[in-house]
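Peer 1: Letter by letter, the chains look like this.
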Amino acid sequence: MLIHRPADVLPSEITPRSLFERRREFLARSGAGLIAGAALWHGLPADARAAAKLQTTPSPLSTTEPLTEHKAVTTYNNFYEFGTDKSDPARNAGRMAVRPWTVAVEGLVGKPRRFDIDNLLKLAPLEERIYRMRCVEGWSMVIPWVGFPLAALLKEVEPLGSAKYVEFLTHYDPEIMMRRPVLDWPYGEGLRLDEALHPLTILAVGLYGEVLPNQNGAPVRLVVPWKYGFKSAKSIVTIRLTEQQPATAWNKAAPQEYGFYSNVNPEVSHPRWSQATERRIGELRKRPTLMFNGYAEQVAGLYQGMDLKKFY
Amino acid sequence: MSLSLKTPSAATLSAIKAIVFVLCLLPAANLALGWRADALGANPIETITRASGEWTLRLLLITLAVTPLRRLTGLHWLLRLRRMLGLFAFAYAAAHFAIYLWLDQFFDWRAIALDILDRPFITVGFAAFVLLIPLAATSNSLAIRRLGGRRWQSLHRSVYGIAILAVVHFWWLVKADVLEPAIYALILAGLLGVRAWWRELERRRQLSVPPPAKHLQRPVIRIVPK
Ligand code: HEM
Numbered sequence: 000m001l002i003h004r005p006a007d008v009l010p011s012e013i014t015p016r017s018l019f020e021r022r023r024e025f026l027a028r029s030g031a032g033l034i035a036g037a038a039l040w041h042g043l044p045a046d047a048r049a050a051a052k053l054q055t056t057p058s059p060l061s062t063t064e065p066l067t068e069h070k071a072v073t074t075y076n077n078f079y080e081f082g083t084d085k086s087d088p089a090r091n092a093g094r095m096a097v098r099p100w101t102v103a104v105e106g107l108v109g110k111p112r113r114f115d116i117d118n119l120l121k122l123a124p125l126e127e128r129i130y131r132m133r134c135v136e137g138w139s140m141v142i143p144w145v146g147f148p149l150a151a152l153l154k155e156v157e158p159l160g161s162a163k164y165v166e167f168l169t170h171y172d173p174e175i176m177m178r179r180p181v182l183d184w185p186y187g188e189g190l191r192l193d194e195a196l197h198p199l200t201i202l203a204v205g206l207y208g209e210v211l212p213n214q215n216g217a218p219v220r221l222v223v224p225w226k227y228g229f230k231s232a233k234s235i236v237t238i239r240l241t242e243q244q245p246a247t248a249w250n251k252a253a254p255q256e257y258g259f260y261s262n263v264n265p266e267v268s269h270p271r272w273s274q275a276t277e278r279r280i281g282e283l284r285k286r287p288t289l290m291f292n293g294y295a296e297q298v299a300g301l302y303q304g305m306d307l308k309k310f311y
Numbered sequence: 000m001s002l003s004l005k006t007p008s009a010a011t012l013s014a015i016k017a018i019v020f021v022l023c024l025l026p027a028a029n030l031a032l033g034w035r036a037d038a039l040g041a042n043p044i045e046t047i048t049r050a051s052g053e054w055t056l057r058l059l060l061i062t063l064a065v066t067p068l069r070r071l072t073g074l075h076w077l078l079r080l081r082r083m084l085g086l087f088a089f090a091y092a093a094a095h096f097a098i099y100l101w102l103d104q105f106f107d108w109r110a111i112a113l114d115i116l117d118r119p120f121i122t123v124g125f126a127a128f129v130l131l132i133p134l135a136a137t138s139n140s141l142a143i144r145r146l147g148g149r150r151w152q153s154l155h156r157s158v159y160g161i162a163i164l165a166v167v168h169f170w171w172l173v174k175a176d177v178l179e180p181a182i183y184a185l186i187l188a189g190l191l192g193v194r195a196w197w198r199e200l201e202r203r204r205q206l207s208v209p210p211p212a213k214h215l216q217r218p219v220i221r222i223v224p225k
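First to last, the sequence lines map onto chains D and Z. Numbering-wise, numbering that gives the first Met the number 0 puts 253 at position 254 of the first sequence, and it's gapless, one number per residue. Numbering-wise, numbering that gives the first Met the number 0 puts 53 at position 54 of the second sequence, and it's gapless, one number per residue.
Okay, chain Z solo, but in the shape it has when bound (with noise of 0.2 Å):
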């Protein structure tokens, strides 16, 4: 194994991504095995629906944190865990989902569907939910190859509208403390921000800068409008 920080080996990276794996797993074990302990407080419904949805949160977050951590650290590997945590917010905003629908709900459609026109916080959390299917089916390299990295990477930039939804979602579903939730949209506020005042850096770098010479044109992706 490489014990270099920078460029791990292919084995330090696959350990690395077992370890993450792991990690991501523990939050759902630990409900799974509270609830068959029944210790999860006197309403466990209450406890794994708050539970698995403050993970998907979370889980968004970190997701979103790769590529500013990536920039500021230089550790580039970090972009090869971002699907996987991606794909485990899913998992956990499935999750989050499915006990709502079974175990709060219990299959009553009828409230189901009240819930979702009728309450603003699960309405915003519901469309958080589904804008994510997208996201998690072209989460592979075949639909990466598919749709042609543009298009890809345009169509996860939604990830960012998602982000913000869901911590809209859990501001409107507290009764009266947001301190929570305002941790939460200070966290994502950073996670935006920083890509808004890189991207600003970099038009004006690129107006800054006169363009080359003819011949050394190679195709750039101007952020900057034409």
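Next comes chain D alone, as it looks inside the complex (with noise of 0.2 Å):
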């Protein structure tokens, strides 16, 4: 199909009536985040950290729909390197060390650097962006991340003119993951420049206002919200800039099911899935799919012109 007028996403959704909405709930939260703060953060043990608070504002792009419960956001994750079960990542990712770590931003770039992740917590503000998300697999929820946009990093490195794509590799260990090669590992995403520019796409490093659990991706992972689940890369490592599109681990896996752009679409069906509908976890019923997951009045712009049937 081709893009004109997307239609399909309710004003409310993006102005800040949903911040308003939230006020109440977000200065209790980031009271107790204040309190709990900053000071805990450094020298605690691992499973310590993993529940503090973080401190965060509310963001206007933030939906005001009820969240998915913490159990099931962290209990129910697609992450292969430690299990194809959804239920194995819970089980099996806390053997990931997620410090030290660092984060090198690379390729076309002016200013190529190596994040450190403490460093990397620090660069802008964190905002709470509740978003949903939308499995290729047919079911969805509403995670409440924190992260910050992806754009404030690219900014620090200037891509170079030249720079058309953005890569994401995904940290890989076999000594602790899948060793069979269900996947190319390490996991490999990418997005095209404009995308990874939108406001819409943030690094996330946190979820219900604490650090993010090793399980959706710690400690730094993508969250695209208008594009299946699988291109919101876990655990990154790496972000090189390039001019070529980047091979993309489940395009190379199933290139006829899983395109590059990925973006949620009820009109275009997985040979597997129909994706007209999906079921939101939590809720017995499916719901209809929107396009662009509900984010179409902000996105459908990137693709003007563009045959989705074609680009899927």
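It is worth saying that the hints were derived from the structure and are not from the lab. Careful, some of the hints might be misleading.
What the hints assert, rightly or not - Partial list, computed: chain Z residues near chain D (C-beta under 8 Å):
#, residue
1, 40
2, 41
3, 42
4, 105
5, 106
6, 110
7, 114
8, 115
9, 118
10, 172
11, 175
12, 176
Note that the coordinates shown come from a computational prediction; the quantities given were computed from them, not determined experimentally. Don't be surprised by glycine CBs; every beta carbon is placed ideally from N, CA and C.
Taking the hints as your guide, dock the two standalone chains into a single complex.
Peer 2: In structure tokens, the structure reads:
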């Protein structure tokens, strides 16, 4: 289909009404955050730290839909490096050490840099971003992420004019992760530079106001809410700006099933699943899937004139 | 009760049957209790869809294992369990299909029809289920008598094809990790392979044995084409 005028996002979802409605909750949460705060952050054992509160500000880009339970968000995960059953990551990802951790930002940039994770956390104010998350398998969640726009990081390294794409490579350690070549490890993902710079695209470092659990992609992961979940790479170690479209893990595994773009699109079905509907975790009946996962108003412009059946 | 494993008494056999019956019900009971206790994870519908599918496949393979096991162990009474195992396989298949129709699709007939037509894994799963229906319907003594042993047997041979469809269904539905369906495929290959091998041995035997004298000839089921 061609993109003309997207109309399936309620204005209420992007106006600060959500911010307004959630203000009291936010105040309570950030108050607690201030007290628990940064002092606790250092010098705590890893498991205690995992529950450390993060100080956040709310975002007008958040949805006001009811949140998916914390337990579901942290026990129902696709993180194939730790097993292909969705209950595996919660069991196995604890083996991954998330400190020390560095993220190299390289490639076609003016100032390549290696960020220590603790510096990365201070790069920009942490925001709470409540996003819908739609998995290509036909289920969805509403997750309160904590993070900052990827654009803030990319600005630091000054992308060159020749940079067209951003590649994300994730941590792979065969000692603690899946050794069978189910996917081409390490898991790689990619975005077009304009997608990467879009204000909705964030690097997440937490959820539910706390430090990101390992199974959700600690210590830092991508979240691109208008694309199927697998685009949002977890436990990122390298971000590379390139001129050529990077190869991506699922596209390599099954090119006719998973395209580079993988925008949520109810009209383009996957050979195994109709994408017209989805089951929101915690609900019994399916609901219709929205174009660009309900973010059409913000992102449809990125794909003006593109045939989304071809660029699926 | 007779303690002889080779020729159990009627009472022992009834006890064995009762135990197998209860064992076959356990997975279903487990799922039902898990559902009530909300202990089936974040996506309980997916959990029961998958569990019922997997038990269908397991029971199909167990049913197919009866004949080879009987031959290898000489425990001929195993055959007496086969009908029950096969009917349980069908019951789990029916539950699997019902869960799909009801909880997964909520009787959205359009979506169901599209699924069956468009998604190869659903197409073969559906074919496997439909083909099981005549087998379940004729799994009783009356049907065997009506059809006659030969026709009944050739009808029920379709279970080999059904088992292959079931494994293909599983293979096609996994996203990337084919380990589990590959294990089932291997087991099925073993169960079908051993039959083919025995058949081949029987064929050779029949070829090498000179036909008996006319007056000794009794009807034999020849598997060698004339
Ligand atoms: C003899 C018939 C069948 C057998 C043996 C069978 C077996 C299986 C198996 C082994 C699984 C995978 C379980 C797992 O992932 O662990 C499965 C999943 C599934 N089957 Fe079947 N099945 C049969 C018929 C059907 C039919 C008739 C339908 C629907 C029309 C169906 C729909 C599904 C669906 C939707 C899934 C889940 C896919 C997913 O979760 O991604 N199956 N089945």
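Peer 1: Could you run down the list of hints and mark each one as holding or not?
Peer 2: Verification of the hints:
| no. | hint | result |
| --- | --- | --- |
| 1 | 40 | holds (6 Å) |
| 2 | 41 | holds (4 Å) |
| 3 | 42 | holds (6 Å) |
| 4 | 105 | holds (6 Å) |
| 5 | 106 | violated (11 Å) |
| 6 | 110 | holds (6 Å) |
| 7 | 114 | holds (7 Å) |
| 8 | 115 | violated (12 Å) |
| 9 | 118 | holds (6 Å) |
| 10 | 172 | holds (7 Å) |
| 11 | 175 | holds (5 Å) |
| 12 | 176 | holds (4 Å) |
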